[in-house]
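> Residue numbers (full-length UniProt numbering): 1 to 322.
What the hints contain is simulated information worked out from the structure, not anything from laboratory work. All clues stand as given, with none of them false.
Simulated restraints on C-beta separations:
#, residue 1, residue 2, range
1, S99, R72, 21 to 27 Å
2, H240, E128, 43 to 49 Å
3, G95, H240, 46 to 52 Å
4, D239, G95, 38 to 44 Å
5, R232, P272, 26 to 32 Å
6, G255, D111, 47 to 53 Å
7, P272, G43, 22 to 28 Å
For each residue, glycine too, the CB sits at the ideal point set by N, CA and C.
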Amino acid sequence: MELRALGHSGLMVSRLALGTMSWGRDTEADDAAEQLKAFTDVGGSLVDTADVYADGRAEEILGELIGSVVPRSAVQIATKAVAVPALRRRDASRGHLLSALDASLARLRTDHVDLWQLHAWDPHTPLEETLSAVDIAVSTGRARYVGMSNYTGWQTAKAATWQLAHGRPRLISTQVEYSLLERGVEREVVPAALDLGIGLLPWSPLGRGVLTGKYRHGTPADSRGASPHFERFVGRFLDHRSARVVEAVATAADGLGVSPLTVSLAWIRDRPGVTAPVVGARTVGQLMQSLQTEALTLPAEIRRALDDVSAPEFGYPERDGG
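Work the whole structure out from these sequences, hints included.
Here it is in C-alpha cells:
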C-alpha cells in the first residue's frame, strides 16, 4: 500500500487507515485479528482507535493482538481522549487527558502511541491547558505525534497556530467526517488544514455505509440502518439528495467494473489534503472490499462528475472569499 506523510511531518502512514470503533461491540477479538492481519498483509499500517470505543475494549483487543498477530513495529497506533461518557461530557483538562493517555497505554500494552488525538473541543477548559497536556505527552515519549478530531475550522486554526507560535509540538492531523455525502468540512476545515500543513483523516468515508449502495432499494434487515442503535446515525443520509449522489456513484462503478464502495473510497482518498480515510468494518470480508481500492485511481471525468453531483452549497464569505 502506498505511504503518505501525515500532514507536515515525517510520519509516513498507509493511505488507508483501519478503524476499530466496532471492535469489542459488533466485532469480536477473532474477527478483529483477521482484520488486522489482512490489513497489514497488504501494507496497511495506521490503526485508529479511541479510549471510549466499546468502553475501552477496542483498545484492549488491539493491545492483545499486537505481538501475537502482528509485531508492534508493523503498526502505527492512533488513539484519542477527551470524552467522558459516564458523565456525558467532554474533559480536556490536563489532569483528565494525561490520566486517559496512561489508561490507553495500559490497555494497548505499549509504552507509546504514534498519534494521540484530542477527540473533541472542550469549551470549558482553557485551550492553553489542553495543549499543555499535548506537550507533556510528547516530551515524556508517551505520544510520538499529536492531532485533533471533530474540530471546527476556527478551532483547528486556533489550536494549530497556538502550538506553532509557542514553538510547541505541531498538531499534524485532524480527523473529521468527510465523504461524498458530507462535504461540509470543505468550507473552513479543509482550507485551514491545507494552509497549516495538517493532514486530514476522514472518518465515515463511506457516508455511514450509504455510499456502498446497500440502501438503494430499502433498508436491509441486517444493516446498521435497521438497528435501533444506528438508525438515526444512518438515517441522516437516507434522503433525496443523498440518493442522487449514490446513483451517480453506482453508475460510475458500473462503468469501471468495480463496486460503489471502491469508487466512493477512491474519491475521498485522493481529495486535497487527505492523508488516509479511516475505514471501519464489522467483518474481514467487508474490509477486503475496502482494500481493493488501492488498485483504483478514478478517471478525471468521473471525478469531476462526482464532484459536481455532491457539491456542497457555499455561501458568504466562503463563496466570495475563495
